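Sequences are here, hints too, so could you generate the full structure?
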Amino acid sequence: MNIDESPEVAQQLKIQSIPAVMAFNDGQPIDGFIGVQSEKNIIEFVNKISSLKNSSTIEENISAGKKYMNEGDIETATLVFSEILKIEPDNISAKSLLARCLIKSDQLDDAEKIIDSLPVDAENNQDYISVRSELEIFKNAKNNPISDKEEEELRNNIYKEPENYQLKLDLSKILIAKGENEEAINQLLEIIEVNPKWNDGEARKQLIEIFNILGNENILVTEGRKKLSSMLFS
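Under our numbering, the first residue of the sequence shown carries the number 1, and numbering increases by one thereafter.
It is possible that part of the hints are untrue.
[To be verified] Distance ranges between label pairs, derived from CB positions:
| no. | residue 1 | residue 2 | range |
| --- | --- | --- | --- |
| 1 | ASN143 | PHE33 | 52 to 62 Å |
| 2 | GLU60 | GLU161 | 41 to 51 Å |
| 3 | ASN143 | GLU83 | 32 to 42 Å |
| 4 | GLU163 | LYS67 | 36 to 46 Å |
| 5 | MET22 | GLY72 | 15 to 25 Å |
| 6 | ASN199 | ASP90 | 19 to 29 Å |
| 7 | ASN199 | SER82 | 37 to 47 Å |
| 8 | ASN124 | GLY201 | 39 to 49 Å |
Note that these hints are calculated values from the structure, not bench results. Treat the numbers as computed from the prediction; the structure is a model and nothing was measured. We put the beta carbon where it would ideally sit given N, CA and C, even for glycine.
See below:
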């Protein structure tokens with residue numbers, strides 16, 4: 001652009017000398033330089049801007065992958081997270097979410113290998129926290145399978161012994177492994193409403209585990225946290 005022909009643009013961008021190079025994203029200037037630069041500096045500048053753009057795209061793709069996963073389209077979600085890892089092989093969120101897809105596809109061993117390969121600082125990543133909790137629940141369900149008849153008997157026993165909180169807790173674990181998240185949450189909230197301190201707050205701990213698995217974006221988590229706060233602090 002010739003700034004003599006477009007002085008208003010130069011003024012808006014505060015360009016006082018040339019040559020001047022500006023990088024834009026979504027119509028907004030994000031970086032730039034003034035004056036003649038070496039080839040090395042120009043390449044570094046281009047790589048820096050590309051990295052910023054890629055980072056934004058990766059975050060958008062992670063969000064899209066989560067949406068597919070939450071909608072039950074595990075195949076597409078798996079593809080999205082796999083493609084992200086081709087660009088950023090060490091992306092903790094993408095690896096954790098890929099592991100979640102494997103769990104939902106009943107590939108627990110492969111999911112566990114991915115989780116075990118993650119570095120120590122993954123402990124600070126919410127996606128890692130979620131998948132680790134989910135893996136433990138699904139492993140327990142696989143190692144201790146329960147039939148439909150046994151689940152029915154458990155429900156009958158809860159009906160006969162409504163104050164037997166251990167039965168409700170056991171049912172919630174079965175439900176979360178089956179993906180029946182709303183009922184699992186409600187079972188635990190029923191315990192907390194009547195006896196929040198039961199078994200050293202075991203129901204609340206289990207509820208937090210479910211919240212971690214589902215993630216803060218899930219509407220069940222939002223509503224569940226509101227109900228929990230109302231019970232504990234009203």
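Hints versus structure:
1. ASN143 with PHE33: 52 to 62 Å: 59 Å, holds
2. GLU60 with GLU161: 41 to 51 Å: Given a distance of about 50 Å, which is inside 41 to 51 Å, the answer is holds.
3. ASN143 with GLU83: 32 to 42 Å: With a Cβ separation near 33 Å, ASN143 and GLU83 satisfy 32 to 42 Å, so the hint holds.
4. GLU163 with LYS67: 36 to 46 Å: Holds - the Cβ-Cβ distance for GLU163 and LYS67, about 40 Å, lies within 36 to 46 Å.
5. MET22 with GLY72: 15 to 25 Å: 44 Å, violated
6. ASN199 with ASP90: 19 to 29 Å: Because 40 Å falls outside the window, the suggested range is violated.
7. ASN199 with SER82: 37 to 47 Å: 41 Å, holds
8. ASN124 with GLY201: 39 to 49 Å: 24 Å, violated
The structure fails to meet hints 5, 6, 8 from the earlier list, while all remaining hints are met.
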